[in-house]
Amino acid sequence: MLFKTKFKYYFTKNDGDGPMAFVMPFTLPKDMGNKFIRSFMVPFVAFLLFLGIWGGFASQIVTSLGEVPGPKQVWEQTINLYNEHNAERDKQEKFYERQEKRNAKKLEKKPDAKVKIRPYTGNPTFFDQMLTSLYTVLTGFLIASLIAIPIGIISGLSATVHRAINPIIQIFKPVSPLAWLPIVTIIVSSVYVSDDPMFSKSFITSSITVTLCCMWPTIINTALGVSSIDPDLINVSRVLRLNWFTKVYKIVLPSSVPMIFAGLRLSLGIGWMVLIAAEMLAQNPGLGKFVWDEFQNGSSNSLARIMVAVFAIGLIGFALDRTMLYAQRKVSWDRNAIIR
Amino acid sequence: MGFSHAGEPEKEELKFGFIKLTDMAPLAIAYEKGYFEDEGLYVTLEAQANWKVLLDRVIDGELDGAHMLAGQPLGATIGFGTKADIITAFSMDLNGNAITVSNDIWKQMKPNIPTKDGKPVHPIKADALKPVVEKYKSEGKPFKMGMVFPVSTHNYELRYWLAAGGIHPGFYAPKKGDISGTIKADAFLSVTPPPQMPSTMEAGTIYGYCVGEPWNQQAVFKGIGVPVVTDYEIWKNNPEKVFGVSKKWADNNPNTHIAVVKAMIRAAKWLDDENNKNRPEAVKILSQSNYVGADYDVIANSMTGTFEYEKGDKRSVPDFNVFFRYNATYPYYSDAIWYLTQMRRWGQISEPKADSWYMDIAKKVYRPDIYATAAKELIKEGKISAKQFPDFAKEDGFKAPQKHFIDNITYNGRKPNDYLKKFNIGLKGSDVIK
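Going down the list, the protein sequences come from chains A and B. All the letters of the first sequence, read from the start, carry residue numbers 1 to 340 under the numbering used here. All the letters of the second sequence, read from the start, carry residue numbers 1001 to 1434 under the numbering used here.
Only chain A is shown next, with the shape it has when bound in the complex:
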């Protein structure tokens, strides 16, 4: 147990009433120490413990690709992926240099020749793939929000609409991305036909799948937020004879914004989770494809590299959630609500 005298903290060996053995006194400013231990030391120690357990168990399990990698191997692969990224960037630079030289030569020979700089043809690195994933999930999320918020508002304002669409929402909400994907793939490949496409099909397929899976929490939360507006506020709008759009814009939206953001935060979390599966199957060059390719390669480093991806996926998901939490706090007018 930890207890404090006026300025010092002591660890003691027993919690009873008997004589206490002082183990180790150390001094810290009064409040900071407590906070430091709670918010930093506890998670840190827990994480070390986790690494220890992981490292201990990993070496016990032998697969056909060798031992399950522990923290050390995963860290090595993280460094490797970083080095590969740098090497690829060097190659990219040289690619452009060569291209410029070649173009200059071409112009020398034929001054009116058409030359252009072509984008790098090398393969995307792990870090490029992270960006692709982020871009894809945000696109899907944006589309989902643009659809879900208006639907949520309408169904929150009208009990009839709510009753009409609620069953549809409930049916589609639990559907896995793996079920949507084949349908989306086939529709996209027959509908999205162009000679010089701006987006690749795999990108569109993945982001639409994300949209389909992540719009539901936003609809539900928006509807809930809108329907629980203080009736006095609605009455005010009646008294002022506001038209429908002004009512929504001036009264409904501001008062339901905290609930909308709560929904958006859930949606983004689901979207990110769904994306990895979608990318795997649609072969969109993001983290999902990275995991799939490494699985196919079956090299002795594959498992460790997949685990690097697992951590990257987790960290990015965490960062996205924190960002949304921050936004949620910013827009919340109810200062008493505890949001976490």
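Mixed in with the good hints, there may be bad ones.
Stated by the list, open to error - Think about it this way: if two alpha-carbon atoms lie no more than 30 Å apart in a straight line, the pair counts; the simulated BS3-like pairs of lysine-lysine are:
id	chain 1	residue 1	chain 2	residue 2
1	A	Lys105	B	Lys1033
2	A	Lys110	B	Lys1184
3	B	Lys1376	B	Lys1236
4	B	Lys1015	A	Lys114
5	A	Lys91	A	Lys101
6	A	Lys105	B	Lys1380
7	B	Lys1236	B	Lys1184
8	B	Lys1119	B	Lys1236
9	B	Lys1236	B	Lys1434
10	B	Lys1380	A	Lys94
11	B	Lys1376	B	Lys1277
12	B	Lys1119	B	Lys1247
13	A	Lys101	B	Lys1236
14	B	Lys1248	A	Lys91
15	B	Lys1383	A	Lys114
16	B	Lys1015	A	Lys110
17	B	Lys1380	A	Lys110
18	A	Lys91	B	Lys1033
19	B	Lys1363	A	Lys109
20	B	Lys1015	A	Lys116
21	A	Lys106	B	Lys1015
22	A	Lys94	B	Lys1015
23	B	Lys1248	B	Lys1364
24	A	Lys91	B	Lys1011
25	A	Lys101	B	Lys1284
26	B	Lys1376	B	Lys1184
27	A	Lys94	B	Lys1277
As the list claims (entries may be wrong) - Just some of the chain B residues that point at chain A, by a computed CB distance under 7 Å:
id	residue
28	Glu1013
29	Tyr1042
30	Val1043
31	Thr1044
32	Pro1195
33	Lys1222
34	Ser1289
35	Asn1290
36	Gly1293
37	Ala1294
38	Asp1295
Just so you know, these hints were derived from the structure itself, not from any lab. Cβ coordinates follow ideal geometry from the N, Cα and C atoms, glycine included.
Take the given structure of chain A and dock chain B to it, following the hints.
Coordinates of chain B only, in the frame set by chain A:
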């Protein structure tokens, strides 16, 4: 540096597909060594999920060209599977495949294999497998094996090996709607994508498979199976992969096509130069995760002139992978016709066909004329000497009758119907599956 060929390429930004196999090496090398860029081509290489996806994407134009099974352009042209006009002007390699069985099957086969100095005598014939298959049959269990595609080299090689040992691999009957290829079969063959072969066998879904490298050596490293025979032993220096493009693409981009073939000829030559001197470097490139991605050691096992059968039984097979020597890159009509004979033998071509039909299809699909144009430009540019190519003035596209088959049957590409008559198992003459 480039732009030396007669015409500028019509299309400079290209995307080529490949399957994660070591024989995609000419593509990787042409890219990494800058041979594509020397021709003014900006190429992106992209791994494909399986052979069907790859073919479909070449047909619908998402890919400009791809690493293909030799049977794919032929199968597509005659309409077995997806019908489309696909042509090839470049043969990517010779040999490079093997047949692997699971540890359990190997244990049952091994007593039937003669030994010398405590090691099994190679080549191992399917005769040793026959009692095992018969045992499964008598117990009412289907004996299942994997190959990579219905028109794949691997399918025909596995069938050839099995049939040579008296095991019937089954007929196809596309006219009757049967494309599973298991009519009258003793051994049931099914399709699995190459990279998934080892894990499918590990899961017990198949007892063995025929696939390209590194997926046989992977089984040895993982300790889940034993390669029993290489395709070099089934048919010495057999043609394997080709570089296929759609006919429409080739008609629209003739200069680009020649430029691509030039770059790939140089890459193939680099791979075989000075007794495979560059192979270790090639293996290093192939082991990158965007190409084949398997471990260096696994790929090196077969690419550097050796092959490991049973764990520890590593033997020298210098010609396991041939990319350039023996005119490996030249698209011979006789190679095309051999594949057509096997399609007929196993019922994929269900009706009897005249010898002239075989010749016509071969000429439609295999395009040595394009190859010759590319080669002559390389000779003119001084990049490769004329000695290293067939004599284009005399070459008629037929190899002399070939003898080195595991069952000692001679193949003469000019007489496909006579050739088919030599097999005990298989359709011939006017045979039709009823």
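Hints violated by the structure (numbers, ascending): 2, 9, 12, 13, 14, 19, 26
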